[in-house]
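Number of protein chains: 2
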Amino acid sequence: MKEIESLWDEVRELSLGTSSTTIDHLPSPPSPLHFLRNYVSPNKPCIISNAITHWPALFLWPNVSYLSHSLCHSSVSLHLTPHGRADSLVPSTPTHDSLCFASANVQRVPFPRALDCVLNSQPGKFVAYLQQQNDCFRTEYSAALGSDCDAHIGWATEALGCLPEAVNLWIGNHFSETSFHKDHYENLYAVVSGKKHFLLLPPTDVHRLYIRNYPAAQYSYSEEDGEFKLEMEDPVRYVPWCSVNPYPSPEAKESEMAKFPLYFDGPKPFECTVNAGEVLYL
Amino acid sequence: MKEIESLWDEVRELSLGTSSTTIDHLPSPPSPLHFLRNYVSPNKPCIISNAITHWPALFLWPNVSYLSHSLCHSSVSLHLTPHGRADSLVPSTPTHDSLCFASANVQRVPFPRALDCVLNSQPGKFVAYLQQQNDCFRTEYSAALGSDCDAHIGWATEALGCLPEAVNLWIGNHFSETSFHKDHYENLYAVVSGKKHFLLLPPTDVHRLYIRNYPAAQYSYSEEDGEFKLEMEDPVRYVPWCSVNPYPSPEAKESEMAKFPLYFDGPKPFECTVNAGEVLYL
Chain A
1 MKEIESLWDE
11 VRELSLGTSS
21 TTIDHLPSPP
31 SPLHFLRNYV
41 SPNKPCIISN
51 AITHWPALFL
61 WPNVSYLSHS
71 LCHSSVSLHL
81 TPHGRADSLV
91 PSTPTHDSLC
101 FASANVQRVP
111 FPRALDCVLN
121 SQPGKFVAYL
131 QQQNDCFRTE
141 YSAALGSDCD
151 AHIGWATEAL
161 GCLPEAVNLW
171 IGNHFSETSF
181 HKDHYENLYA
191 VVSGKKHFLL
201 LPPTDVHRLY
211 IRNYPAAQYS
221 YSEEDGEFKL
231 EMEDPVRYVP
241 WCSVNPYPSP
251 EAKESEMAKF
261 PLYFDGPKPF
271 ECTVNAGEVL
281 YL
Chain B
1 MKEIESLWDE
11 VRELSLGTSS
21 TTIDHLPSPP
31 SPLHFLRNYV
41 SPNKPCIISN
51 AITHWPALFL
61 WPNVSYLSHS
71 LCHSSVSLHL
81 TPHGRADSLV
91 PSTPTHDSLC
101 FASANVQRVP
111 FPRALDCVLN
121 SQPGKFVAYL
131 QQQNDCFRTE
141 YSAALGSDCD
151 AHIGWATEAL
161 GCLPEAVNLW
171 IGNHFSETSF
181 HKDHYENLYA
191 VVSGKKHFLL
201 LPPTDVHRLY
211 IRNYPAAQYS
221 YSEEDGEFKL
231 EMEDPVRYVP
241 WCSVNPYPSP
251 EAKESEMAKF
261 PLYFDGPKPF
271 ECTVNAGEVL
281 YL
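Quick note, the sequences are listed as chains A and B, same order. If you count the first sequence from 1, position 215 lands on 215 in the working numbering, and the numbers rise without skipping. If you count the second sequence from 1, position 84 lands on 84 in the working numbering, and the numbers rise without skipping.
Keep in mind that a hint or two might mislead.
All copies of an identical chain are treated as equivalent in the list; a pair is satisfied when it fits inside any one copy or across any two copies.
[Said to hold, decoys possible] Below are the SDA-like pairs computed for lysine to any residue, each with C-alpha atoms no more than 25 Å apart in a straight line:
1) Lys253 with Phe180
2) Lys2 with His184
3) Lys44 with Glu186
4) Lys182 with Glu13
5) Lys2 with Tyr238
6) Lys182 with Phe270
7) Lys125 with Asp97
8) Lys229 with Ala217
9) Lys44 with His184
It should be emphasised that the hints constitute simulated quantities derived from the structure, not laboratory data. For clarity, every value in this text was computed on a predicted model and none was experimentally measured.
Can you build the whole structure from these sequences, using the hints too?
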């Protein structure tokens with residue numbers, strides 16, 4: 001165990017070159033070589049300012065009617081959950097004695113209605129999130145919005161030696177919360193409107209996350225009575241997922257810290273907020 | 001075990017992008033970005049031609065009297081073994097029933113004498129090798145030979161973002177043989193005269209090498225009677241070393257293959273020969 005603990009520190013010191021929990025913030029786009037050498041190669045995240053400030057999207061997309069008008073004939077996938085936590089652990093029974101891995105209710109709806117749901121979300125009633133990881137920007141949005149942004153980010157394309165495999169557009173609100181997960185892709189996360197807060201951990205911290213198997217469940221949603229029901233998959237399917245919630249409620253905090261000491265007693269995660277106009281490499 | 005075997009294949013396919021056992025050969029030096037993206041980042045070795053052909057060393061150093069004359073006042077570390085295998089496993093007893101990790105006999109001698117020993121090596125009598133990994137070129141040789149080559153390799157320095165941590169000059173002959181080992185450095189191996197043959201394995205193949213602990217021993221050499229004696233270190237010190245000899249003698253071959261099936265039955269190592277004027281990145 002001591003060896004693994006010193007691995008956490010060594011990765012932070014040797015590979016990421018830092019024992020602080022903030023990440024590098026570049027005031028302007030790096031050269032492809034600088035980006036590859038100092039961030040991609042050592043798997044080190046960074047925030048880049050002034051990389052997308054020339055995108056018309058930055059002043060066009062915050063305008064709700066512009067988006068609704070441009071996409072009035074499009075259908076998109078709307079993800080609905082009761083509280084804004086999709087792909088996360090929730091109690092599978094009313095007695096709270098076991099957890100399951102709950103996926104959102106997904107509906108195909110016209111874009112203007114979907115955007116309406118995002119804007120009028122209310123935890124306890126429903127929280128809506130437009131999110132897909134299937135290259136949805138290029139397949140679903142780009143006919144209408146393609147001219148509002150660049151098709152790729154030049155210096156990153158040159159550094160990585162290939163165009164993006166997928167480009168996704170996500171539209172959420174401040175209730176949307178994604179639990180700890182891993183993405184095995186090089187990722188450039190551009191925020192066009194609003195901001196997003198990240199907690200990041202290096203891959204060598206995997207042991208601190210208490211990955212366990214949870215039975216999969218899915219929310220169903222009835223529009224008539226506005227009720228969510230959580231339905232366990234049948235036959236049962238197990239999903240390995242991180243047990244740690246980094247922001248436990250005040251009343252759960254003590255028991256969560258006791259259950260997951262490797263996380264709560266270990267080094268703090270890297271923390272950053274990406275604001276509109278900024279790009280996070282991770 | 002199946003999982004580890006498929007890891008060997010996956011690393012070859014995904015990371016190295018090849019199922020062949022030859023490595024890329026670049027006809028001329030790559031740009032820093034190309035080198036970093038296609039070789040350093042994916043940990044992929046390559047041979048580069050025409051990278052050092054402008055070094056005067058290429059025509060100066062093969063000339064024995066030039067070297068001896070330039071370094072007539074220098075002392076260097078001469079490594080002596082009976083057969084050319086330093087830092088390798090040899091029988092620790094005359095009955096061959098156990099192995100030890102044998103280091104060369106090291107002597108500080110005037111360079112001209114050392115070079116003489118290298119050139120007049122004879123397995124069974126002695127094999128000499130000038131080798132050190134302590135930045136010996138810059139500390140011991142560069143006053144005399146520094147103007148014969150570049151102080152660093154520009155495109156690699158730019159790609160890696162730093163000057164070499166160590167520059168070493170090794171002078172051996174065709175008897176010198178180095179057993180499987182790992183170097184945890186980015187390495188540019190330039191051959192100025194002669195050639196060197198490499199067998200390379202990706203780090204994920206470590207399980208195929210049967211790393212075990214062997215007691216350390218050191219050769220002593222008596223100039224008077226020209227005899228080597230193998231002396232076990234006292235107190236005993238154990239060195240973890242690779243058990244596999246990739247080139248077993250014909251009579252030992254069958255038993256070696258039976259003892260180390262993960263190596264002999266698994267994917268072949270990457271194989272290459274670096275000729276004078278070429279650089280191997282590894």
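Checked hints:
1. Lys253 with Phe180: within (17 Å within a copy, 51 Å between copies)
2. Lys2 with His184: between (27 Å within a copy, 23 Å between copies)
3. Lys44 with Glu186: both (11 Å within a copy, 19 Å between copies)
4. Lys182 with Glu13: Answer is both; intra-copy 22 Å and inter-copy 22 Å each pass.
5. Lys2 with Tyr238: Only across copies: Lys2 and Tyr238 sit 23 Å apart there, 31 Å inside one copy, limit 25 Å.
6. Lys182 with Phe270: For Lys182 and Phe270, the Cα distance is within 25 Å only inside one copy (15 Å; across copies 32 Å).
7. Lys125 with Asp97: within (24 Å within a copy, 77 Å between copies)
8. Lys229 with Ala217: within (10 Å within a copy, 71 Å between copies)
9. Lys44 with His184: both (14 Å within a copy, 20 Å between copies)
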